[in-house]
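Kindly produce the complete structure, drawing on both the sequences and the hints.
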Amino acid sequence: MDRQSLRERLLRVVGPDGVIDDPDELLVYEYDASDEVFAGHHRPDITVLPRTAEQVQEIVKLANEFGLPVTPRGAGTGLAGAALAVRGGILVVMTRMNRVLEINERDGYAVVEPGVINLELSQLTQPRGYFFAPDPASQRACTIGGNVANNSGGPHCLKYGVTSNHILGLEVVLPNGERIWTGGPAPESPGVDLTGVLVGSEGTLGIVTKVMVRLTRVPETVNVLLAAFPDLETASQATSSIIAAGILPAALEMMDQLTIQAVEAAFHAGYPQDAGAVLLIELDGLTEIVVEDAERVAALCHQYGAREVRVARTPRERELLWLGRKSAFGAMGRLSPNYYLVDTTVPRTRLPSTMRTVEELSREYRLRIANVFHAGDGNLHPLILFDRLRPGEVERVLRCTTDILQYCVDVGGTLSGEHGIGFEKRDAMTLIFTTEDLCAMAGLKRSFDPRELFNPEKIFPSGFSCAEVNAVRQQAIAQRLGIEFV
Amino acid sequence: MSEQALSRQALEHLATLGELHEPASYQVDGVVPRLAVAPPSVNALQEILRVASEAGLATVPWAGGTQMGLGNLPRAFDLALDLRRLNAIVQYEPDDLTVAVQAGCTVGELNARLGAHGQMLPLDCATPDRTTIGGLVATGLSGPRRYGYGALRDLLIGITVVLPSGQLSRGGGMVVKNVSGYDMMRLHYAALGSLGVIVQLNFKVIPKPRSERTVIAAYHGLAEASDAALRVRFSQLAPTAIVLIEGRAARAVGLEVPGWIAAVRCEGPQRAVERQADRIAEVVRPATTRLSILEGHSSQQLWSQVASEIGASPLVGAIRVRIGQNPSDLASLACEIKRACSGLAVEVVRWLDIGSGLGYATLCSPHEPDLRRAWERLARLGLHATLLSAPAAIKAGTDVFGREPAGLGVMRALKETFDPNGILNPGRFVGSL
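From first to last, the protein sequence lines stand for chains A and B.
So the first sequence is numbered by the working numbering: it starts at 1 and just counts up by one.
So the second sequence is numbered by the working numbering: it starts at 1 and just counts up by one.
No lab work stands behind these hints: they were computed from the structure.
Just so you know, these numbers come straight off a predicted model, no measurement behind them.
None of the hints are false.
Far from chain B, by Cβ distances over 10 Å, these chain A residues were calculated: (1) Ile20; (2) Glu36; (3) Glu308; (4) Leu389; (5) Pro391.
Covered stretches of chain B, as calculated for chain A (at least 3 residues, CB under 8 Å): (6) 182-195; (7) 271-277; (8) 311-325.
Here are some of the chain B residues that sit facing chain A, going by a computed Cβ distance under 10 Å: (9) Leu97; (10) Leu141; (11) Met174; (12) Ser328.
Backbone N, C-alpha and C fix where the C-beta goes; we use that ideal spot for every residue, glycine too.
Here it is as structure tokens:
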């Protein structure tokens with residue numbers, strides 16, 4: 001590669017302040033929010049920060065010309081290492097494309113550039129009576145483009161659905177440099193649902209340059225309940241009973257004792273410190289329904305052993321109850337120098353047994369594990385606390401994580417509920433998918449990106465190749481046709 | 001493929017793999033296949049597709065046959081693949097609100113099973129005893145209830161597909177939140193079975209509402225009706241469907257008034273539904289010529305009739321068109337539809353799904369050239385237009401999916417990757433893929 005000539009060509013596209021190739025300055029782009037201990041650090045050859053879709057298009061064309069990998073990146077808050085330039089090449093940072101281009105109140109959508117911060121969009125639309133429903137924990141920092149890449153979730157996707165349910169259309173630069181709009185404000189555009197395929201594809205199929213998002217009407221009434229239980233088991237049973245009663249809360253979050261203690265020490269959110277587990281339940285919608293449901297939920301919580309149920313009705317009270325939940329990850333620093341977050345989903349009814357297993361593994365591996373998670377949709381987040389400087393600890397964390405994943409898969413769960421596969425979990429893909437399944441996914445990838453330049457080394461297991469499956473298939477065909485296979 | 005290529009040997013082999021049916025009952029746009037076979041198992045289906053791939057048999061997956069009006073004219077049609085024997089409910093977990101079901105299961109059977117546990121898939125389906133769940137996913141036809149519950153694609157959490165090579169391809173799983181691997185559900189949803197034959201679908205299911213009501217409001221004109229519907233849409237009320245029905249069309253759903261009718265559906269716990277219907281009635285009341293509230297069964301009946309009016313079942317002497325447009329622009333779209341039909345000997349009836357942003361028009365005429373001209377004009381309206389069903393003569397030389405969609409290049413690459421021999425529904429999908 002002629003690095004100098006690439007640099008000059010990129011400079012012409014994005015200007016002098018849009019190209020970074022000084023090793024010291026590149027340092028920050030060697031990492032994302034994944035833990036270096038597990039995902040490593042990877043230096044891109046060059047980082048570019050485009051301001052327009054046309055610039056992105058030119059960058060992709062240059063990458064093709066130079067045969068270099070392209071890794072798209074938003075705010076870098078992803079936990080699975082999807083924004084790491086594992087094979088070097090060009091890192092395309094989208095944070096400067098941060099304009100809100102249109103807010104259409106009448107039809108309930110907005111068009112934004114991918115670098116717009118998740119929370120900022122909701123803050124902007126709130127006074128007009130709308131919000132953007134996906135609300136990942138990192139919403140103060142993460143970008144809408146990153147949400148699209150990871151099909152992000154968040155507490156409120158229990159009722160409102162994940163990012164995929166809120167994306168109406170995308171402007172995307174395809175790996176061949178072509179720029180197209182998929183979808184639009186009206187549903188059912190004919191053809192393959194490219195919007196749906198692109199959401200959650202972790203930057204492996206193209207770079208999104210504009211996003212048309214559905215805006216959700218702010219509900220008439222919101223109630224938040226905090227219920228304190230003696231242990232995780234009773235809290236899990238209460239969770240199941242609420243869902244089984246046909247009540248669909250906006251959010252249903254659980255925190256265990258360790259988390260409560262950390263949160264209280266750091267933020268004084270007023271959680272009952274002696275509780276074995278707390279549920280945070282948000283109900284929203286029409287006033288009549290919310291009031292009625294709140295009573296039913298409180299009764300169910302008491303029935304399953306809740307010692308205390310508090311109801312927050314004012315925005316200020318609600319905020320305080322949510323503060324602890326939203327700051328839980330940050331509070332872990334009070335307990336341990338490092339933590340590793342495992343993101344998996346199990347069928348809701350398997351939560352109690354899964355929590356027991358996590359507890360057993362915690363004892364077996366002599367690692368403290370805090371639990372704070374989206375109980376309503378079975379999406380758990382065991383936080384394994386460790387100290388990377390203590391010999392042997394990192395290996396124990398890895399083995400413990402593998403055991404947790406394996407258990408979740410065994411009970412019908414999956415590898416990741418909302419954080420993605422990225423670089424970090426790619427080798428676990430074989431736990432849930434056969435080689436044939438993965439080959440079909442590779443076919444999808446190849447249809448978009450035949451040169452395999454976009455975000456390489458992600459999603460698919462290391463060293464994965466479909467050659468073997470193809471050979472077996474050819475052999476089968478040859479046998480049937482009576483051809484001698486050489 | 002040529003007559004000789006379908007050798008006696010291949011025929012005999014296919015006959016061992018599934019039940020042979022009378023080909024004449026599997027017409028697509030008047031074309032009769034040479035063979036119709038119903039595999040009893042996924043394994044048999046895999047083998048059939050391998051044989052079909054090798055022999056280059058043009059294959060059309062078939063189930064209830066209720067939406068066969070959708071699609072371009074087939075380039076060839078050798079083999080009808082009847083999936084109705086693959087109709088098992090594979091796994092139902094009421095406490096997890098998830099279900100895994102084979103593609104050939106009918107909507108009626110599935111909802112009966114779910115209903116016994118107070119759950120449902122919220123579908124708009126006029127013929128639940130014939131329409132299959134696989135057919136609904138392959139055609140992607142979701143009705144007005146999508147406004148409240150999302151389209152069927154939003155409830156789809158897992159999929160199993162047999163590729164033309166005979167390989168199985170699975171995506172997603174049995175959990176409601178999952179970002180492991182590509183979203184293969186979206187790849188096949190509404191792809192008209194052109195990339196693989198869907199054999200199993202996993203869904204998250206919804207607690208069945210304990211009651212429902214529909215507010216019916218009649219107006220002199222479209223403008224008043226549209227204003228009322230948009231006021232509801234813009235409010236914090238949460239109905240599950242909002243449609244506008246042309247007075248003449250309302251006869252078909254058991255109402256008879258001049259002008260336009262707004263129908264707004266509420267579903268949920270009884271008390272909440274009553275209150276919500278009352279509040280909606282207040283919002284839509286200004287300028288009404290008649291206002292009433294349908295309850296329970298009569299409300300259900302209305303929506304089932306609406307579903308049959310906006311489906312893709314083949315019609316004689318008529319075409320059915322669906323046009324996407326911003327909800328707030330649907331009233332103007334309805335006027336444009338009418339203008340496009342002026343000077344032609346066609347009778348037009350319009351339905352507007354204000355909740356979702358889709359306009360539907362049924363055009364009747366004994367003169368096919370007029371129907372054809374009408375479609376050519378309608379195809380240019382709105383954000384996108386689809387000819388849901390039409391006589392074969394009208395489909396010739398046009399793309400029923402309207403204007404060429406952006407990204408057709410990627411769609412073509414997907415087709416070449418997944419179906420390299422072009423045996424699945426050849427010619428019928430967008431761009432004649």
